[in-house]
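Participant: Dock chain B against the given chain A, drawing on the hints supplied.
2 protein chains.
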Amino acid sequence: MQRLKLWKGGWQLLKSTFERGSVQVNTSAPSSRAYSQAPSGFGLLFDIDGVLVRGRTPIPAAKQCFKKLVDHNGKYKVPVVFVTNAGNCMRQTKAEHLSELLEAEVTPDQVMLSHSPLRMFSQFHKKCVLVSGQGPVEEVAHNLGFEDVVTIEMLREAYPLLDVVDHDRRPKDKIPPTKGLRKIDAVILFGEPVRWETNLQLIVDVLLTSGSPDNNWDSVQYPHLPVLACNMDLLWMAEAKNPRFGHGMFLVCLENLYKKVTGHDLKYEALIGKPSVVTYNYAELLIKQQAEKLGWTTPVKRLYAIGDNPMADIYGANLYNRYLQTAHRTKVQLKAKGGTGAVEAPSESAVSHTSSSSSSSGLGRSAGDAEDELPDGCSSILVCTGVYSKEQEELPSDPSETVTEQRIFHGHRDFRFDPNLLQPSFVVDDVKEAVELVFQQEGWPLE
Amino acid sequence: MQRLKLWKGGWQLLKSTFERGSVQVNTSAPSSRAYSQAPSGFGLLFDIDGVLVRGRTPIPAAKQCFKKLVDHNGKYKVPVVFVTNAGNCMRQTKAEHLSELLEAEVTPDQVMLSHSPLRMFSQFHKKCVLVSGQGPVEEVAHNLGFEDVVTIEMLREAYPLLDVVDHDRRPKDKIPPTKGLRKIDAVILFGEPVRWETNLQLIVDVLLTSGSPDNNWDSVQYPHLPVLACNMDLLWMAEAKNPRFGHGMFLVCLENLYKKVTGHDLKYEALIGKPSVVTYNYAELLIKQQAEKLGWTTPVKRLYAIGDNPMADIYGANLYNRYLQTAHRTKVQLKAKGGTGAVEAPSESAVSHTSSSSSSSGLGRSAGDAEDELPDGCSSILVCTGVYSKEQEELPSDPSETVTEQRIFHGHRDFRFDPNLLQPSFVVDDVKEAVELVFQQEGWPLE
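The listed protein sequences correspond, in order, to chains A and B.
Just so we're aligned, residue -18 is where the first sequence starts under the numbering used here, counting upward by one.
Just so we're aligned, residue -18 is where the second sequence starts under the numbering used here, counting upward by one.
No lab work stands behind these hints: they were computed from the structure.
It is possible that part of the hints are untrue.
Where chains are identical, the list cannot tell them apart; a pair therefore holds if satisfied intra-copy or between any two copies.
Said to hold, decoys possible - The calculated BS3-like cross-link candidates involving lysine-lysine, where the alpha carbons are at most 25 angstroms apart (straight line), are: (1) K75 - K58; (2) K222 - K241; (3) K108 - K164.
Every value quoted in this text rests on a predicted model; they were computed, and no experiment measured them.
Looking at chain A on its own, in the form it has when it is part of the complex (with noise of 0.2 angstroms):
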């Protein structure tokens, strides 16, 4: 095995914490075994951009690895869930990219894009969505299952004296008349638009108008109709050499300018994503399915995500456990009192949670068993070919020379920050590293 950086005092807090708590997740793991050809109880959530790739290229050590993953039949030794913040594209389209890059098979049910919990919020599939982004937003809205879909190109034909910012837009000889279109219900914000101004003037219009905006603009409809944001990160890393701009940016500038005309906070009926935990929560029914897949009979005990980004990859991993570990005190201090034993998130996922027991695809679970269900603890994996490099921890000389997630809280308005969860529980220097370290750690070291 190559060399091991533990990141600061990492690996002390994450043996405190399963100290206190009532689950030991590594110190439980089966160091003493080798489950050479016997299922595993893990299963490993992958992140994609600074993993596995930099921007169109790939990273060597990620066909390394994949190649150790699969067996001489190409299956998988254990659950595989690929888990990615990007939107804007279908997951078919990301898993044919991924198989070509890795020589490995990647079916679209092991692709995570930060919409696919959308999937899970059936009590919007039948209402009239607006819908943001750029791309292909309708196809992708229908495939997550909305049936009623309206485009903000459809909304500036149907009302087209409403986005004026450019010039070029602007009536010229004599007014458009207005078509009108049916009410919306509720506005989806999949990723990064073009042409934000536009954007940003419809979506005010309709949360100002309840759905529609021919209407008068009337602040008091407040709260107003749902608003479910999908990836928040705020920077990435493309070509360019300092951070470029993501979606978490366009909500930066929606959520200050609903303020600045209403004078009330933006409200997100969901936050989907990483770092948040409902896309843990789906990443862990996929893992489940894949575990089924494979014919394992065992539940999956533990996971492992191995991320670039400590903002997104590492502090979700970590809220996510947190979540796991708080479930399980709560089921044995319920059960020590006779009652149900129901799981809540932790308040820093700041997420809904009342969508996601719902289901319309068969992979929600219900309330009752969810605790049953639920693994034991959630590894944090830092890799150094993303966001994060070695040359940044290793220039502490002048650190506030360069802008990094560290410093300064790039994460979303509504994550009340907790440094505690931008802790690894290993640092390594890149996938292959990582894969090598989770099957040592479980006793089962790859050939």
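Facilitator: Chain B only, in chain A's frame:
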């Protein structure tokens, strides 16, 4: 004279202000004299949108009133200047449009756009400035005296990896080379651009790299390089029923994104356009020029500002009036002590006044003679043909039903809001009634 409405305690407030101050404006007006042919010591500031036009439709009262404002030779009876927060266009174009509309000759030196005071910021004229806006921004900048102008488009071409929110703008097959550009010294925000995501990303890049977007982001370079912003109007009225987003909304986005990334407040070197004092200072200089053209030898002592927007026109005129009162009081106090009587703007103005005393266009005034030339006061007259309407005022049964400029502070972040400054000296139906009122106040009824 038509019906005259005094808004709430507006008149009382104005009277008591004058009684407290050392100067009496309206009460010192020569109400018993009739200057039917002679200079009358006052000038008129007209807002354009909502006062003279609505969208593209002329307001009938405007033409009627301008017929009375010029003599049979087409010469104005008093100095007239048009003060609009519009930008993204040229003074010449605006003057031609007004001449046609009002059937009275309007020259470019009677027109003041939101960016016009930048002519006085000569310390930036030889620096390399990045300009943001739409329309002929480069030409506008050159006309104002800026010699070294970089547009957002030029920056995109020089650094092709920066603007990647739009998937279609991301590099496709091979990474395009970075050509680079000279270092940028200051940023000038003329008006709302198109594709906000591009301007927001590139301006933040420029601020975080001290003008060289090829360098690493460096948030310790604070305060950042100078930012000058024109037109802070949050909302404006076009053909749509509800207000539309103005440049002020773009500024809200920029301020909040910069703060989210760096943790620091974005600082403005200057905020130009109504309601800032620097704009009224400049308008007053234009009024003096007009008085000279008319052959007046006596100073312009009273200004009347006619507008439709309480937050821009009324707040601005009142803020300027307060500035004038402070200036005169300071002069009296300092003269008593044998000082020079230098004039400082009130704290609400939030503009750099260091610049307004220097000039590259002959419009500047030296600090020494400033207070001697200043008018005694500026009255604000609100018309009901634009943003503000009597219907709004006469529907108090459920005042929360409409978002109005009065209920929520729609001014800029850097303006400490003083509700007293929203009280106009007078409320009238339209611009014709406004002008008749002024001439009656001045003891010179219009024929």
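Participant: For every hint, state whether the structure bears it out.
Facilitator: Status of each hint after checking the structure:
Proximity of K75 to K58 under the C-alpha cut-off of 25 angstroms is restricted to the intra-copy arrangement: shortest distance 22 angstroms within a copy versus 73 angstroms between copies. Taking the shortest alpha-carbon separations for K222 and K241, only the inter-copy value of 19 angstroms comes in at or below 25 angstroms, while the best intra-copy value is 33 angstroms. Proximity of K108 and K164 under a CA criterion of 25 angstroms is satisfied intra-copy only: 10 angstroms inside one chain copy versus 52 angstroms between copies.
The structure meets every hint from the earlier list without exception.
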